[in-house]
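Trainee: Now for the letters of each chain:
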Amino acid sequence: KQEVTQIPAALSVPEGENLVLNCSFTDSAIYNLQWFRQDPGKGLTSLLLIQSSQREQTSGRLNASLDKSSGRSTLYIAASQPGDSATYLCAVPFLSSGSARQLTFGSGTQLTVLP
Amino acid sequence: SQTIHQWPATLVQPVGSPLSLECTVEGTSNPNLYWYRQAAGRGLQLLFYSVGIGQISSEVPQNLSASRPQDRQFILSSKKLLLSDSGFYLCALQGANYGYTFGSGTRLTVV
Numbered sequence: 022k023q024e025v026t027q028i029p030a031a032l033s034v035p036e037g038e039n040l041v042l043n044c045s046f047t048d049s050a051i052y053n054l055q056w057f058r059q060d061p062g063k064g065l066t067s068l069l070l071i072q073s074s075q076r077e078q079t080s081g082r083l084n085a086s087l088d089k090s091s092g093r094s095t096l097y098i099a100a101s102q103p104g105d106s107a108t109y110l111c112a113v114p115f116l117s118s119g120s121a122r123q124l125t126f127g128s129g130t131q132l133t134v135l136p
Numbered sequence: 008s009q010t011i012h013q014w015p016a017t018l019v020q021p022v023g024s025p026l027s028l029e030c031t032v033e034g035t036s037n038p039n040l041y042w043y044r045q046a047a048g049r050g051l052q053l054l055f056y057s058v059g060i061g062q063i064s065s066e067v068p069q070n071l072s073a074s075r076p077q078d079r080q081f082i083l084s085s086k087k088l089l090l091s092d093s094g095f096y097l098c099a100l101q102g103a104n105y106g107y108t109f110g111s112g113t114r115l116t117v118v
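Quick note, the sequences are listed as chains Z and P, same order.
Position one of the first sequence corresponds to residue 22 (the working numbering), numbered consecutively onward.
Position one of the second sequence corresponds to residue 8 (the working numbering), numbered consecutively onward.
Incorrect hints may appear among the rest.
What the hints assert, rightly or not - Pairs of lysine-lysine residues, derived as DSBU-like cross-links and limited to a Cα-Cα distance of at most 30 Å, are as follows:
id: 1; chain 1: Z; residue 1: Lys63; chain 2: P; residue 2: Lys86
id: 2; chain 1: Z; residue 1: Lys22; chain 2: Z; residue 2: Lys89
id: 3; chain 1: P; residue 1: Lys87; chain 2: Z; residue 2: Lys89
id: 4; chain 1: Z; residue 1: Lys63; chain 2: Z; residue 2: Lys22
Note that these hints are calculated values from the structure, not bench results.
Please model the complete structure; the sequences and the hints are all you need to start from.
Mentor: Spelled out as structure tokens, the structure:
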């Protein structure tokens, strides 16, 4: 059974700092890994999707890396801003049946960027 | 592009009342659709998924049911709500390469 862990559970940084969020998974036979952002009371917004054959993906100030062999992914946020404050979730799909793949989520990292 | 719509955004219902939450998608056909629930202070729990019209799989035995009457419509229902049904309900769409798009969610409070 796949288990996904995120460390730290909460992180508070001053504006402008670069930061790294960590995600680890127990079964390295993943198809991909997806990072999401969730603002309070809102749905999940997809940030980055890394396929198992990829090492990293970048979008603006965000960079996600994937190391399948060690069961780890990191989300790097450059020059953090107060608007980056949110809960960040990583998730990996695993087989439900047929074409269906349900997501296993980490418990999330609650990020606060202080102005 | 694929989009997913959920409504209502917020709902307050008395115990014992029925429930119907709707999710519709655009920009794709025959998608795999999912209902997740996020209870306060807890993680996301998969409730149901559907790979096509009339095809529903349940992950957790509970007071809820789901239906897929049309290709792009996924409905979550209950005949009689319990206090424990309170939570944040999210519909999700499985896209290409098993990337997922989530709706904006429905906050359900059972009183």
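Trainee: Take the hints in turn and mark each one as holding or not.
Mentor: Here is what the structure says about each hint:
1. Z:Lys63 / P:Lys86: holds (26 Å)
2. Z:Lys22 / Z:Lys89: holds (16 Å)
3. P:Lys87 / Z:Lys89: Violated - the C-alpha atoms of Lys89 of chain Z and Lys87 of chain P are around 45 Å apart, more than 30 Å.
4. Z:Lys63 / Z:Lys22: holds (29 Å)
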